[in-house]
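Asks: Residues per chain, in single letters:
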Amino acid sequence: MEQTINNTLGFPILSMLICWPLVGAAFILFINRTNEKAIKMVSLLFSVATFLLSILLFTHFDKSTHMMQFVERHAWIPYLNINYHLGLDGISVLFVLLSTLVTILCVLISWESVRMKIKEFFICLLVIEAAMIGVFCSLDFMLFYIFWEAMLIPMYLLIGVWGGPNRVYAAVKFFLFTLVGSVLMLVGIIVLYFYAGRTFNILELMTKAYPYKMQLMLFWAFFAAFAVKVPMFPVHTWLPDAHTEAPTAGSVILAAVLIKMGAYGFLRFSLPLLPDASRAMAPIMLALSVIAIIYGGIICLAQTDLKRLIAYSSVSHMGFVTLGIFALNTQGVEGGILQMLNHGIITGAMFLSVGIIYERTHTRVIADYGGVASVMPIYASLFIVFTFASVGLPATNGFVGEFLILLGGFKASQWAGVLSATGIIIGAGYMLWLYQRVFFMETSPKVAGLQDVSTRELITLLPMVILIFWIGIFPNTYLSFMHPTVQHLLERVNGGGAPAVAVNSIMQILK
Amino acid sequence: MMTSYALIPFLPLAAFVINILFGRKYLKENAHWVSISAVAGSWVVAMMALVDVYSGAKINYDLYTWILSGGFKVSVGFLIDQLTVVMLIVVTTCSLLIHIYSVGYMHGDPGYYRFFSYLSLFTFSMLMLVMANNFLQLYFGWEGVGLCSYFLIGYYFDKKSASDAGKKAFIVNRFGDFGFGIGIFLIFLTFGNVYYEPVFSQAGSFADTTVNFLGFDVHLMTLIALLLFCGSIGKSAQMPLHVWLPDAMEGPTPVSALIHAATMVTAGVFLVARCSPIFSLSETALMVVALTGAITSLFAATIGLVQNDLKRIIAYSTISQLGYMFLACGVGAYTAGVFHLYTHAFFKALLFLCAGSVMHAMGGELNIQKMGNLKKYMPITYMTMLIASFSIAGIPGLAGFFSKDEILWLAYSGPSSVGKFVWLIGTLVAFLTAFYSFRLIFLTFHGSFRGTHEQEHHLHESPKSMTIPLMVLCVGAVAAGWVGIPHLVGGGAHFAEFMKPVLGHPEGHGTHAEEWMVMGISVLVGLAGIGLAYFMYILRPELPARISQQFAAIHKVLSNKYYVDELYDFIIIRPTIWIAKNVLIGVTDARIIEAIVNGVPSAIAAFSSGLRKVQTGLMQHYATIMATGILLIIAMMLLR
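Line by line, the protein sequences are chains A and B.
Its first residue numbered 1, the first sequence is counted upward by one per residue in our numbering.
Its first residue numbered 1, the second sequence is counted upward by one per residue in our numbering.
No wet-lab data here; the hints were simulated from the structure.
Small disclaimer: the values here were computed from a predicted structure and weren't measured.
Certain hints may be false.
[Said to hold, decoys possible] Examples of chain B residues toward chain A, derived with CB under 8 Å: (1) I171; (2) F213; (3) F216; (4) P575; (5) I579.
[Stated by the list, open to error] What the simulated footprint calls covered on chain B by chain A, stretch by stretch (three residues with Cβ under 8 Å from a Cβ of chain A suffice, anywhere in the stretch; the number is not a length): (6) 140-147; (7) 580-586.
[Stated by the list, open to error] Listed below are several chain A residues computed to face chain B (Cβ distance under 7 Å; list not exhaustive): (8) A428; (9) L432; (10) N476.
Where is the CB? At the ideal position from N, CA and C, for every residue including glycine.
From just these sequences and the hints, can you work out the full model?
Replies: Here's what the structure looks like:
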């Protein structure tokens, strides 16, 4: 019944991954706050160490099975049957890697841009890293919920303390949105707990069958939590504010990892726990995804703020992700997972880039720019890579993800496929227009004489460039992690066998 | 031996990587050596491939698996057959010559290395496109050439017009790719595969299948063919997506010659020819192709009549000639279409390079009204451009004559129901083509010089690195057609024979007399066009101004290109941005969603502040409320 294989590494790698950043944070506590260099070096050291450790996951992951790997399990609160239960499968493993990589880049990008409360900033960053890894590793629903919520606090501080002028509004909005969603999820978790006979074990919960009505209620309870995080239309309005006001590192973490958790939640919980409801609700989810793609894209065309534009483009791109997931076929789901990774890389890279230039000009207004390609040619070449990856040009990672998603989406519903494909036109429109206004045409006085990227900044962006082409040209390196897990997941969703009358009647109504 | 074919695209890719990484700091003015040696290498291997294919080989192999997901598998792989080989020759030859020409043309440009790295990247993408053995790799090359086109059109990126044009080209092409992409989805869902070989061999079994597409029952092969054709319309600048190509002339002239005349824009024709097994199953699709081609070629030719921008005239001519190729494919004469693609590459690249040479001499001037009598200063440019114009006008014996004649004959005599109609349009276009081509020649090279004294002072023939490619291409513009001389005039029609295994062999049904007649008419209208141009611009140079005054309205419509750009601006661009600003941001996000989001907390706040008033802190109030409550409960219990 328990679908796990024991940790073959001989040491508890997942616990170590969660702990190292925390140890780093504790270490920083004892450094004098005037010793800024030491604080930064310790953060870098610990984030790099965590990343290097996580590479073992990449090399030692068994790609031939859908079962949970690197599993650790210890009783935690036996009275409530809450366990400290960790493990990874083909859906989650890559996001741990993404989290550890992104943290390094965030440390690097904050090297000079963060000027106040440096100590607290880096502590926050490392705590966020631990929580992110915890979210993706948890196999106990309560543990998951704790990490999920734990993530909120340092993120709230990051926006509210180190953010832009309107930071408090954005931080509160971010906090409230996600909290309201999470509370509903908590209710759902507790319902499951009692129904399944007092267990939070996700793997155990997955083996049970739940009555359709209950599935439906739980689906929407989970939806509240996950859709806000993704964010799906119409609960996306916190994202532009949060992104715009957050410091660069905050935006990068938000874009690269935090909003992936929503989509991850759908994959980890909604689909396998509530297969009948997922199937029945798929048309609605597809419709919302299509709206997000088009709505998020068109709204980008009217943005005047650099970060706001990229934030709205995230709404559009995450629409592709949810489209793929709820296509409920192999191409769609694998494309969706890959696109989560891709979006993390591309949009993460874009926010890093925006941070780099914001540090120089202190303006986010697109109209203040122009002709940056003339003064910062290396920066311009890197940014064009990100632009075209975002537009989904073949040979970049964006293409592989979007193609598989659209193929899957089209398979699931012709309308969804065709309408979403307009996203590739709109995407080209706003991204190239953005690029033109910032990089081309006459050099604006605000950018005249800017220094091109420094070595530190180059090192920050290069991993993203490499990943963009690596995934674009050899996507199978990454897709192969997913095959068995996704297949298993889809068997669970589509092979339920008990798609009762209720499902059909709902489908009828929707049609 | 197999692996060496991979060198054809990968040599230019290597050149791109070297130039883009080391060009700015190290290679600088030597960047062209890397790119030129790479494309020369590709040319040599392509020639070897030609020999192999000619001796009967057919190469089809996968290099590695690109994407694998569930039942979807696609590789990077190469198919080299007759069609591929012809494209390889066209691409590598033109690319090589234009690389060499660029050494002179781009000399001293601050972005020299950048220019050559883009050219290499383009060559790589174009070669990947034509060598693909599956639809997704075709799409890869397709988007890749689009990317390079974007870079090269916007090469002078500090100019707003150039960066606008690059962006426009990419986005307009995306409209076509939208259909193309859905076509690929349908192919996969129909055949379970995106490789050419299984798809084409099974296409026949779906000849009568209809599917439900977005609620309509449509003939499957027609649907797939037309969706693929959407891509062609974009890439080959056919109506209604032709608007990007004239603007693309913002790029450096060698780019116009290579990308926007000889190679990339013909990719659409290549796509139709490659998918001929699918198109041939649908009469409707073929008719759409033929009519789109015919109408576009007429439409573009009429605009070409009145333009004064040297490069834009040639650009409209390109659109028109591409229309000709589609016209051919649409009447089932794929061979003739590809034959015209092949001859056109030479004379049109030559026309553009000559135009570049003229610009070089005129200090960037493009208005032909300000030129004149250049033949005195630039004899080589003049002679080569004159020959290219004779070729495009269809003067017997030259390359353009044979391909154009074959198209017209097969349109006239073929089985297509619109054949006679498109033949008529084709003949009319042949007249217009000859006229505007020679209008350009006469205004540029003959008469008296109308530019400034300073310009006149600087007039000179271009350096050898530029004139030698002109002369080589000129040989092509004359002789490229000799491989396809029809049986009628004693030739062997070798080209059609060679292509037969891939594209089939459409036979015209008509008598020799008819064939002579069609040929005669096309020659006559060509000569008439030249004659009329001679009359209007040499004998009676005051006439054009009078005519344009007399027909001011028509002239205005033509010189404004039928206002298509304005129309798109009005019906697509403005409404979209208006909706984004005023509906999505202004209403949906700000008034509806945000109102709900901000409304819930404020409603709660209002509710709780109302509730707060109950807590007055006065004992009497609490006692009253308690008493009321108790009474109520007792009352309820009693009433039950």
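Asks: None of the hints should be skipped; say for each whether it holds.
Replies: Hints versus structure:
A hinted interface residue such as I171 (chain B) counts as satisfied when its beta carbon comes closer than 8 Å to some beta carbon of chain A; here the least separation is about 5 Å, so the hint holds. About 6 Å separates the beta-carbon of F213 (chain B) from the nearest beta-carbon of chain A, less than 8 Å, and the hint is met. Hint on F216 (chain B) is violated. Least Cβ distance to chain A is approximately 10 Å, over the 8 Å limit. Because the beta carbon of P575 (chain B) sits about 11 Å from the nearest beta carbon in chain A, more than 8 Å, this interface hint is broken.
Hint on I579 (chain B) holds. Least Cβ distance to chain A is approximately 6 Å, under the 8 Å limit. A stretch counts as covered by a chain when three or more of its residues have a beta carbon under 8 Å from one of that chain; for the stretch 140-147 of chain B and chain A the count is 4, and the coverage holds. Counting residues of the stretch 580-586 of chain B whose beta carbon lies closer than 8 Å to any beta carbon of chain A gives 4, which meets the minimum of three for the stated coverage. Here the hint on A428 (chain A) is kept, as its CB sits about 5 Å from the closest CB of chain B, short of 7 Å.
Hint status for L432 (chain A): holds, given a least beta-carbon distance of 5 Å to chain B, under 7 Å. Proximity of N476 (chain A) to chain B holds as hinted, the smallest CB-CB distance being about 5 Å (cut-off 7 Å).
In terms of the numbered hints stated before, the structure departs from hints 3 and 4, listed from lowest to highest.
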